[in-house]
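Enquirer: The chain contents come next:
2 protein chains.
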Amino acid sequence: MDIFEVHILGCGSALPTTRHNASSQVVRVGNKQYMIDCGEGTQLQLRRSHVHFAFINTIFISHLHGDHCFGLIGMISTFGLLGRTAPLHIYADAMLRKLMQPQLDFFCKELKYQVVFHDIDATKHEKIYEDGLITVHTLPQKHRIPCCGFLFKEKPKKRHIRRDMIDAYNIPEYCRNAIKNGEDYTTPEGDIIPNARLTTDADPSRSYAYCSDTLPCPDNIPYIAGTDLLYHEATFAKSEAARATATFHSTAEQAATIANNANVKKLVIGHFSSRYENEETLLAEAKETFPCCEVAKEGKCFKIQ
Amino acid sequence: MDIFEVHILGCGSALPTTRHNASSQVVRVGNKQYMIDCGEGTQLQLRRSHVHFAFINTIFISHLHGDHCFGLIGMISTFGLLGRTAPLHIYADAMLRKLMQPQLDFFCKELKYQVVFHDIDATKHEKIYEDGLITVHTLPQKHRIPCCGFLFKEKPKKRHIRRDMIDAYNIPEYCRNAIKNGEDYTTPEGDIIPNARLTTDADPSRSYAYCSDTLPCPDNIPYIAGTDLLYHEATFAKSEAARATATFHSTAEQAATIANNANVKKLVIGHFSSRYENEETLLAEAKETFPCCEVAKEGKCFKIQ
Numbered sequence: 142m143d144i145f146e147v148h149i150l151g152c153g154s155a156l157p158t159t160r161h162n163a164s165s166q167v168v169r170v171g172n173k174q175y176m177i178d179c180g181e182g183t184q185l186q187l188r189r190s191h192v193h194f195a196f197i198n199t200i201f202i203s204h205l206h207g208d209h210c211f212g213l214i215g216m217i218s219t220f221g222l223l224g225r226t227a228p229l230h231i232y233a234d235a236m237l238r239k240l241m242q243p244q245l246d247f248f249c250k251e252l253k254y255q256v257v258f259h260d261i262d263a264t265k266h267e268k269i270y271e272d273g274l275i276t277v278h279t280l281p282q283k284h285r286i287p288c289c290g291f292l293f294k295e296k297p298k299k300r301h302i303r304r305d306m307i308d309a310y311n312i313p314e315y316c317r318n319a320i321k322n323g324e325d326y327t328t329p330e331g332d333i334i335p336n337a338r339l340t341t342d343a344d345p346s347r348s349y350a351y352c353s354d355t356l357p358c359p360d361n362i363p364y365i366a367g368t369d370l371l372y373h374e375a376t377f378a379k380s381e382a383a384r385a386t387a388t389f390h391s392t393a394e395q396a397a398t399i400a401n402n403a404n405v406k407k408l409v410i411g412h413f414s415s416r417y418e419n420e421e422t423l424l425a426e427a428k429e430t431f432p433c434c435e436v437a438k439e440g441k442c443f444k445i446q
Numbered sequence: 142m143d144i145f146e147v148h149i150l151g152c153g154s155a156l157p158t159t160r161h162n163a164s165s166q167v168v169r170v171g172n173k174q175y176m177i178d179c180g181e182g183t184q185l186q187l188r189r190s191h192v193h194f195a196f197i198n199t200i201f202i203s204h205l206h207g208d209h210c211f212g213l214i215g216m217i218s219t220f221g222l223l224g225r226t227a228p229l230h231i232y233a234d235a236m237l238r239k240l241m242q243p244q245l246d247f248f249c250k251e252l253k254y255q256v257v258f259h260d261i262d263a264t265k266h267e268k269i270y271e272d273g274l275i276t277v278h279t280l281p282q283k284h285r286i287p288c289c290g291f292l293f294k295e296k297p298k299k300r301h302i303r304r305d306m307i308d309a310y311n312i313p314e315y316c317r318n319a320i321k322n323g324e325d326y327t328t329p330e331g332d333i334i335p336n337a338r339l340t341t342d343a344d345p346s347r348s349y350a351y352c353s354d355t356l357p358c359p360d361n362i363p364y365i366a367g368t369d370l371l372y373h374e375a376t377f378a379k380s381e382a383a384r385a386t387a388t389f390h391s392t393a394e395q396a397a398t399i400a401n402n403a404n405v406k407k408l409v410i411g412h413f414s415s416r417y418e419n420e421e422t423l424l425a426e427a428k429e430t431f432p433c434c435e436v437a438k439e440g441k442c443f444k445i446q
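For the record, the sequence lines run as chains H and C. According to our numbering, the first sequence is numbered sequentially starting from 142. According to our numbering, the second sequence is numbered sequentially starting from 142.
Be aware that a few hints might be false.
Since copy identity is lost for identical chains, a pair holds within one copy or between any two.
Derived lysine-lysine pairs resembling DSSO-like cross-links, with alpha carbons at most 27 angstroms apart [what the hints assert, rightly or not]: (1) 239 with 253; (2) 265 with 250; (3) 253 with 283; (4) 239 with 406; (5) 250 with 283.
By construction, these hints were calculated from the structure, which means they are not laboratory data.
The shape of chain H in the complex, shown without the other chains (with noise of 0.2 angstroms):
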């Protein structure tokens, strides 16, 4: 099966330590690759993971609070330095182009590159990317500003042709993808083979759900139910419920709650507060409600199979 995983490039909060840097992560789907978010170091991040910086074309900036956006400009000019000559696409909230376009036009003068801002509406779910493999929806956050996650889900996949059926009927090369994509084959002699009898299921499309910054969005449970992978922010243990509240970031154990009743297969929380000297209670309080969760850590790649 394709490749479907993401790489973890930062999950602190909004203190860098020496232990998390600032969000940022890389998914990988087939052969491309997407950013999401892109605070301060992402670039020497991407630089130690074995992420390739010519194959990231598409960013994704969930909301314009530093520790999400600060390292554009150095990974931006750095691209430029490497002699990229592809265009660069981001999508954000509107005022990112504004801000940034000052800095891109005196700092990267010399850039061969497009940089080309993509305004998103953090407020609505709606589909803001689609290409060949995947669509990415934005999923509304309830943040200090403006902020969204993001779901990428794959395209449906093609069905299995069956080879002992290929064989059986001779089917010529140039009618296979029809079949494969549900169509019935019709031999020379004109009978009728259902599709059915000539192919197996489509392996099924994978999804990925991002959530960070934001308090516990009920809401959007409908839309990441059953998603195979969910990050979700877990800014806090249990015992900083009331400053995860007041500052709109979740607990743990609020992280676990949405991935219980959303269903997803798998969850993993990020965004630690520079608090925690390891995610151990983290970790702890996530498990009790939802299980099946794991830490982020910068460098570690989870596989959606």
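Starting from the known structure of chain H, arrange chain C on it as the hints suggest.
Expert: Below, chain C without anything else, positioned relative to chain H:
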């Protein structure tokens, strides 16, 4: 003797690598700390170093290439989150203020301290800063955009008053400061004791010069003559001399020639091109011309005795 030391936070060049961070260093004199340049990731390097965030009140930016200033916005924002209230003074080209103000207004609305920009003219050699301990002068550099180095000089120090003379003449406490400042002492009987008899020479005033990014600038030699420590960029080896000239940078040999002609006490080379896997060649080439040379390295601290 009071502390006078230079902490290297980053000594890479335009492309950050996993070996070298973008340019930044902290000069510590007595109980004061001054930052020079602030490339992306500087705040994380500060955390890794033994330099205390709160004691940095003054930042000098040599020029507006990203690898020397992209770390400012993140660090300013973090200072705010850490509860800073003391003003932060930034000495830089006037354009920095224009580029940063919209970012500060948007990202750092809740800052409880003032960011004060001081415009500097990189084309002139002039005093741009002074406090009780030091003066800082600009050193015009030859780069692709306006750029200056910085010369840190301790102010003249007080003479040492001789313990045996204090006892012999029973010099009261309140008279001693004037004697340390070079005045003679008049005894209650009216005898004048010349200062030279009462004191020994003051400690010499130390100095540190930072030169990056630049073609070799012999014009600066009179200003940095005899300096205790010179940090000079050495982006390239001799084999890349043409590229050094084309990009307005120096080779290690050129840096050493400046050190030699200025008769400085010690040279530290830095701002290494990402093409070098280590700095052995650069160091060897510099040492051929100026043996008292070391390479910069993240985390290294150069003490001036």
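Enquirer: Run every hint past the structure and note whether it holds.
Expert: Hints, one by one, checked against the model:
1. 239 with 253: both (21 angstroms within a copy, 25 angstroms between copies)
2. 265 with 250: between (35 angstroms within a copy, 26 angstroms between copies)
3. 253 with 283: between (38 angstroms within a copy, 25 angstroms between copies)
4. 239 with 406: Classified as neither; 39 angstroms inside a copy, 49 angstroms across copies.
5. 250 with 283: between (37 angstroms within a copy, 20 angstroms between copies)
Hint 4 from the list above is the single one not met by this structure.
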